[in-house]
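Trainee: Sequence:
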Amino acid sequence: MKITSRDFKRTRAGGVRFEFSRFREFGLGLAIGLSLSVCVLVWQNYRENESARAAAEQPKPEPRASANASAADAEEGAKNYDFYNMLPNFEVVVPEKERAVSRERDTALTPIERPGVYVLQAGSYRRQEEADRVQAQLKKQGIDANVQRVAVDDDVWHRVRIGPITDLAELNRLRARLRAADLDGGLVIRVGD
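When the sequence shown is numbered by the working numbering, its final residue is 330 and no position is left out of the sequence of numbers.
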């Protein structure tokens, strides 16, 4: 068998046809990929807009808890939310005049009788130094307290908390001691059963 140069030459039409089919396959793959990318992008934007509309239609929860909130509302909220994530977002603001009137009117504390897990709030202060001072004052009296830093409506509060407490007698005794020390021991927070 004799090999000639003609056996190794490509025909011009075959080479062009081969390059054209590869280019066509590449272009088709690129077009499919771009089409899928555009579809995913449109779908994501649609989902984001839908969730934004749903969030806009829902009423915004008030970041401050009202003093007139009923016990039923508190229990319903406890069922739907985790206490430790929800509580730092609430702040009860009581004007100084009302606090003075309520202290004069309510010199005797009403004892807590409902069993459960409670936390006493000895005070809430804007400055860390004030909260640390109250915490040190409580430690001198043998009361273990901690300071919790909370951001409420772009304000930072430092809450002095005692607990959790499960013994009702101890809870009522601590409330009386806080009242005698002229601290805000009136805020009792029930955190569980």
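There may be inaccurate statements among the hints.
Stated by the list, open to error - Result set (SDA-like, lysine to any residue): computed pairs, CA atoms no more than 20 angstroms apart in a straight line:
#, residue 1, residue 2
1, K276, A313
2, K276, V289
3, K276, P301
4, K277, E267
5, K277, R316
6, K277, R314
7, K277, I249
8, K277, D292
9, K276, E250
10, K276, A317
11, K277, Q265
12, K276, A318
13, K277, R310
Unchecked claim - Between beta-carbon pairs, the in silico distance windows are:
#, residue 1, residue 2, range
14, G253, Q181, 55 to 63 angstroms
15, R270, E187, 49 to 57 angstroms
16, R310, R263, 38 to 46 angstroms
17, E266, A189, 39 to 47 angstroms
18, D290, A189, 32 to 40 angstroms
19, K276, V254, 19 to 27 angstroms
Think of the hints as simulated: they come from the structure by calculation, not from any bench. Values in this document were obtained by computation on a predicted structure and should not be read as measured data. Ideal placement from N, C-alpha and C gives every residue a C-beta, glycine not left out.
Trainee: Taking the numbered hints from earlier one at a time, note which ones the structure violates and give those numbers from smallest to largest.
Mentor: 2, 7, 8, 9, 14, 16, 18
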